[in-house]
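> The residues making up each chain are set out below.
Protein chains: 4
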Amino acid sequence: MANRFGEVFSVTSFGASHGKAIGAVVDGCPANLELSAEDIQKELNKRKPGTSAVTTPRKEDDEVQILSGIFEGKTDGTPIAGIVFNKNQHSKDYSMFKDTPRPSHGDYGWMTRYGNYDYNGGGRGSGRTTIGHVIGGAIAKKLLKKYGIEVIAHVTQIGDIKSSKLNIEDIEKNVVRCGDLDVAKEMEELIIAKKQEGDSVGGVVEIIATGIPAGLGEPVFGKLDGDIAQVLMNIGAVKGVEIGSGFDVANKLGSANNDEFYIENDEIKTRTNNSGGIIGGMSNGMPIVARIAIKPTPSISKLQETVDMKNMENKKIEIKGRHDPCIAPRVTVVAESSVAIVLADHMIRSGFIHPTNIEND
Amino acid sequence: MANRFGEVFSVTSFGASHGKAIGAVVDGCPANLELSAEDIQKELNKRKPGTSAVTTPRKEDDEVQILSGIFEGKTDGTPIAGIVFNKNQHSKDYSMFKDTPRPSHGDYGWMTRYGNYDYNGGGRGSGRTTIGHVIGGAIAKKLLKKYGIEVIAHVTQIGDIKSSKLNIEDIEKNVVRCGDLDVAKEMEELIIAKKQEGDSVGGVVEIIATGIPAGLGEPVFGKLDGDIAQVLMNIGAVKGVEIGSGFDVANKLGSANNDEFYIENDEIKTRTNNSGGIIGGMSNGMPIVARIAIKPTPSISKLQETVDMKNMENKKIEIKGRHDPCIAPRVTVVAESSVAIVLADHMIRSGFIHPTNIEND
Amino acid sequence: MANRFGEVFSVTSFGASHGKAIGAVVDGCPANLELSAEDIQKELNKRKPGTSAVTTPRKEDDEVQILSGIFEGKTDGTPIAGIVFNKNQHSKDYSMFKDTPRPSHGDYGWMTRYGNYDYNGGGRGSGRTTIGHVIGGAIAKKLLKKYGIEVIAHVTQIGDIKSSKLNIEDIEKNVVRCGDLDVAKEMEELIIAKKQEGDSVGGVVEIIATGIPAGLGEPVFGKLDGDIAQVLMNIGAVKGVEIGSGFDVANKLGSANNDEFYIENDEIKTRTNNSGGIIGGMSNGMPIVARIAIKPTPSISKLQETVDMKNMENKKIEIKGRHDPCIAPRVTVVAESSVAIVLADHMIRSGFIHPTNIEND
Amino acid sequence: MANRFGEVFSVTSFGASHGKAIGAVVDGCPANLELSAEDIQKELNKRKPGTSAVTTPRKEDDEVQILSGIFEGKTDGTPIAGIVFNKNQHSKDYSMFKDTPRPSHGDYGWMTRYGNYDYNGGGRGSGRTTIGHVIGGAIAKKLLKKYGIEVIAHVTQIGDIKSSKLNIEDIEKNVVRCGDLDVAKEMEELIIAKKQEGDSVGGVVEIIATGIPAGLGEPVFGKLDGDIAQVLMNIGAVKGVEIGSGFDVANKLGSANNDEFYIENDEIKTRTNNSGGIIGGMSNGMPIVARIAIKPTPSISKLQETVDMKNMENKKIEIKGRHDPCIAPRVTVVAESSVAIVLADHMIRSGFIHPTNIEND
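Protein chains in written order, with this note's numbering: chain L, 5 to 365; chain Z, 5 to 365; chain W, 5 to 365; chain S, 5 to 365.
In isolation and in its complexed conformation, chain L is listed as follows (with noise of 0.2 Å):
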């Protein structure tokens, strides 16, 4: 399971930071989608670093390649591979990072775990990784496309700084991938600031997905909100998930909470939506909300504390390089790659999708 995710449309990832390659075989997705490169490498490119002053200059070149699971330009219903293969991957000299674990970084627990660590760039552990939920989440939302179902992320907070406004034309017209084009300035500087001090800050990626049926999500361990926060927490830099209202429930009045239902053209609908879509673990109908808590990244130049493992004795560490000084624009892609093959693999296992052959829908 330690690589694999969803239970009928599911991605099993591999490969590692400076390996030779980092791809995902994505099996169940059902015959007849229309799928090719370009559909993956559109997305691949979003969490695309060097592109601004506030990621890593690192250039990351990723083409992707399809290996399998296309015929005629369309989905056979055999598992797709997608493969990106790493260029560069012997441009640096990590060993002063083999036995001393970087703060705040997997390193300690693959030391521990395995033994046996590929400490080059993070490894396995290395955000490169998410090319695989890129690839599994790009063809998930080639699929969904199909049956009206969108996901977007977008960022709402970088430090201190939270946007309320939602232009979804705007997410992809500025750096930080806000929603609000003067929030996103103020982000911007933020993050600049911190970065040119040696050091990063943490922020909040709001993930919306619309168009959902209602009654998607197993009860009572299958649960469309229990789903996504585990792919969400998945993810390397989120310390919190939160569906709807989130952490204001605790302060709310049940009277206030509850989302009222009314009927409008036929349709039942909630007056307000605290409940973020899901309630009892099944969709209702409404936008599905989930926001999470991106971490500042662990890699900052500034002098830490840690140990030498091999030696069992204190030591200091200085990370030099190039990092991302916040992390939280570049995850937006994964989180919206990561609900996507949630809602996929929902889908068919709730009937929407018919699980061999989209013509048979």
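It is possible that some hints are incorrect.
The list cannot tell twin chains apart, which means a pair is met if one copy fits it or any two copies do.
Here are the computed lysine to any residue pairs in the SDA-like style, where the Cα-Cα straight-line distance is at most 25 Å [claimed, not checked]:
1. K149 <-> P61
2. K273 <-> E154
3. K324 <-> A41
4. K150 <-> D270
5. K256 <-> P61
Read the hints as simulated data drawn from the structure, not as lab findings.
Given the coordinates of chain L, assemble chains Z, W and S onto it according to the supplied hints.
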């Protein structure tokens, strides 16, 4: 998957609020663990309502029987079926809810998804379903205890009242299950005040697990925090999950959030625990700390808008009867159980507990 | 996975021969299927011993109760727990088997694997465990019948006596469950003769499923024949599984074994059915035909060599009591049940049956 | 599940006969196993055709690359992706099979199930797909060897010619992979004779695994023999699976079939091995013995009846080209691989191999 949780140590749950019985089949518990019905009963009693002014006055004298899996007082490696027969299941008339979903309850999802919905007492969407969680959790806790792991939960917030102290012995000494007796008193008063207004209130529960070895959790898609987030979000009333610093990380700098390592008594520790015991999806040996947002109980006695799904028309509803004005105190044991199941499962999967016979450890 | 079978339509089984109860939780059955305890009881009665001279004279009046999953006479999409309470579970002293495994019984494996083994009546290794299979199978059969699928099994060989005729109505008219009444008589005599010698005899059971749509089964690792082989080999006494021509293919030429296609009444059929209804792991619309080899019951009253595992010394054993001299007749319903579970599961997974509500089909 | 096999040590396979590449992602292999591409290549070479008169003269110089999961010559606990790029994938015109399924090939199932079928060279239904099995199996074998387990397969029957001798060193010395060089010669002649007639012939392959500890296998639904039966029946040409005495048990008495226990050198053994090393679904420490029936290759050059699925009319077909007149010899390595995967998976699941790091054993 709908009703099963866990890969190896797994819980398959069944039963509805007003059906004949509620129970769980626990598969994958290794042999030779001493276990009796009392071990489970003790935990079940913690979720029992009717014990104070802050819960529903409804009586549920749930008595558990173990039907299988124990031989000569110890587990024998076969599935452990625990069962509670429902009493008084025909005590009330719920027919007014047949086509009329209660706002922010699961009713609407169940009706839409399955067509045939046992609306009595919320059917399988009822909080009574968590009896299955607690059966599984009680066994998980007994197993974990042999390996030095303890899981506790306490209420840290009700409405706007927050506790910042945790005295573990005090948790069971107050009806709110708060770790601070003074704050507990205030919380209790707030709950009773809201109850008298016919309203309900939300809260926050914190779960702490100690004694965890480093290296637990499967990157990339079987991360320990991902699994904890899932299982906690799967609890009915939960709308948010945090690990460690949680949403506070959004407004933190890397230099403040990073957990620096040091060596103490030949053990690697971190000076802070902003990671909540989990980095990169794997435990780091520090206590695991999670927090969940509990929404105000949706059953309130105020008049609410809803719809008649059969006749597709707007309607008003008033939910009479005895309800929990705040569910947070009773959620504590369910949260402990849920996390304990995840931990027991991972302890076996990661090789810390022998999968078939604990005498082999 | 130890005690669960099926991906979507799944059966989780529990209970031992002399424990309190044996049962199964069936998850993933869609809503709105009419179902009653009688549907299950009818099937359970077929595996009941004590009904003729060819089975053990031991009485097992197994009465099933449904504890959950049914609302107003129909499934409601929640897990269906079926349970049989064991009677007379303390009728006999089995302590002589405590450290002394019976040859070709599961005892040795259970003792070695789990350390703590309920040796009474074979514990969970007993044939009584198949009550769980039959509970699951009865529900699967009821579901399949709505979609025109029937699964039957009959005895085709006992010792060296083979039947080549199949009259479906005759199966239930003879104690051997053979499709040929004349041969059945001979088989019965052979079984009784071996019983009088204190010995036992093996046989072959054939399973036929009709009404199967083409395209059922998931290549490459979820093949229909692979899943059928697994579920049938999982039945205690089975040592071989064949699909279609089975082992005869070893001595056949391609020209004789290939099933040529033709069109009849606008349907594609094959002139022969050497494939047994499955090619490339997927059904082809022809009847599915499988055969299983049933070993002679290992419980015989002759003196046998075994070992005392505690003192690690050789020992002789004589298994007294009432045993089935041939288990093949009673295996028929277990085999039907097992195949029905696989078919129900695949029918849902392949989109032929709606996963949540059959009224959507 | 369609393209994934194994619970913990698992193989996810992808790729089609004439696509860009075929490969497998092996997840769950513990860290610190020495592994190189040569370990896999050596096994892949065994399934290579074109090496003798009994296989197709078609050349397939399959060269495997490992893309991930190895660090400093050893596994590091992350998924191991092995890949073979297809060469000459556009060498031939298969368009005559577009709507015309070949008898007893998978074509019909693929077309019916998915609508969009890559008919070139049988697409993913091709025997080339077993490259994925062998990649997984080679890794499993390397792992098992460290724990004293070996898996070998040999041809025991071709047409009506049977071998009864097994000289393990001789298997690789003859093109039929028979354990008896004299019989091998006869088998080879029979295959060539049938090839010259434009026909094909079937056979039997036996798989033997030695060094297995007692207590491997999960009763009741995760039995070792059930899993072996599944994985073997999932191999394309297999129509029957036997364990131990197999179908012979039908005509055996309990007194002849039971494997009596005795102690030798402080080890518990059985005098006979009719059980084929597995009783009650668990290993008993004796060698595991399984046999599979291999059907004659369906590709024959004789004229055959089929249908045009597009125009729904009867049609004749003649399959030209170079085919294996008997696939049994090449199946041996696939069968070994398949059983090795099951054994590696169960060895980890049962606690005999540490799940994360073999240096912990």
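> With reference to the structure, classify each hint as holding or not holding.
Hints, one by one, checked against the model:
1. K149 <-> P61: neither (33 Å within a copy, 47 Å between copies)
2. K273 <-> E154: This pair counts as within: shortest intra-copy Cα distance 19 Å, inter-copy 43 Å.
3. K324 <-> A41: neither (35 Å within a copy, 35 Å between copies)
4. K150 <-> D270: So K150 and D270 pass the 25 Å test inside one copy only (23 Å; across, 32 Å).
5. K256 <-> P61: Between copies only: 23 Å across chains, 44 Å inside a chain, cut-off 25 Å.
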